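Given only the sequences and the hints, what does the whole structure look like? Please build it.
Counted the way my numbering counts, the sequence shown spans residues 1 to 93.
Among the hints, a few may not be true.
[What the hints assert, rightly or not] Straight line, CA to CA, 20 angstroms or less: simulated PhoX-like cross-link-like pairs of lysine-lysine: (1) 46 with 56; (2) 87 with 49; (3) 46 with 36; (4) 56 with 28; (5) 56 with 87; (6) 36 with 56; (7) 46 with 28; (8) 46 with 29.
[As the list claims (entries may be wrong)] Simulated restraints on C-beta separations: (9) 43 with 10: 17 to 25 angstroms; (10) 41 with 71: 20 to 28 angstroms; (11) 90 with 1: 46 to 54 angstroms; (12) 3 with 89: 44 to 52 angstroms; (13) 76 with 31: 20 to 28 angstroms; (14) 69 with 31: 19 to 27 angstroms; (15) 56 with 1: 42 to 50 angstroms.
Honestly, the hints are just simulated from the structure, not real lab data. Remember, predicted model here, so these are calculated numbers, not experimental data. Positions of the beta carbon are idealized from the N, C-alpha and C atoms, including for glycine.
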Amino acid sequence: PMEEIPGSEFEVECDLVILAMGFLGPVKKGMLEELKVELDGRGNVKTDKNYMTSIKGIFAAGDMRRGQSLVVWAINEGRNAAIAVNKWLMRSP
Numbered sequence: 001p002m003e004e005i006p007g008s009e010f011e012v013e014c015d016l017v018i019l020a021m022g023f024l025g026p027v028k029k030g031m032l033e034e035l036k037v038e039l040d041g042r043g044n045v046k047t048d049k050n051y052m053t054s055i056k057g058i059f060a061a062g063d064m065r066r067g068q069s070l071v072v073w074a075i076n077e078g079r080n081a082a083i084a085v086n087k088w089l090m091r092s093p
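This is the structure we're talking about:
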């Protein structure tokens with residue numbers, strides 16, 4: 001168990017903090033369950049090559065889609081998913 005050690009506090013001046021806290025998988029109870037979003041064999045949100053889920057207009061990227069991985073993969077997928085979302089939104093009717 002974690003215990004506080006009195007007098008051990010310190011501050012680090014910085015511009016950005018990224019918390020890498022681990023990931024156990026997407027929370028299925030609630031929105032994913034209600035929307036009936038399709039999951040892959042590992043319990044992650046299943047998407048097509050454009051990051052769209054089984055529900056038209058709903059996209060997923062990063063750990064929710066690929067499972068626990070490096071933050072650089074999540075950043076890359078987030079960027080690619082944003083491009084895919086933009087293309088989908090800007091498509092001709």
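Here is how each hint holds up against the structure:
{"no.": "1", "hint": "46 with 56", "verdict": "12 angstroms, holds"}
{"no.": "2", "hint": "87 with 49", "verdict": "13 angstroms, holds"}
{"no.": "3", "hint": "46 with 36", "verdict": "11 angstroms, holds"}
{"no.": "4", "hint": "56 with 28", "verdict": "18 angstroms, holds"}
{"no.": "5", "hint": "56 with 87", "verdict": "14 angstroms, holds"}
{"no.": "6", "hint": "36 with 56", "verdict": "12 angstroms, holds"}
{"no.": "7", "hint": "46 with 28", "verdict": "13 angstroms, holds"}
{"no.": "8", "hint": "46 with 29", "verdict": "16 angstroms, holds"}
{"no.": "9", "hint": "43 with 10: 17 to 25 angstroms", "verdict": "39 angstroms, violated"}
{"no.": "10", "hint": "41 with 71: 20 to 28 angstroms", "verdict": "24 angstroms, holds"}
{"no.": "11", "hint": "90 with 1: 46 to 54 angstroms", "verdict": "52 angstroms, holds"}
{"no.": "12", "hint": "3 with 89: 44 to 52 angstroms", "verdict": "50 angstroms, holds"}
{"no.": "13", "hint": "76 with 31: 20 to 28 angstroms", "verdict": "24 angstroms, holds"}
{"no.": "14", "hint": "69 with 31: 19 to 27 angstroms", "verdict": "22 angstroms, holds"}
{"no.": "15", "hint": "56 with 1: 42 to 50 angstroms", "verdict": "46 angstroms, holds"}
Checked against the numbered hints given earlier, this structure breaks only hint 9.
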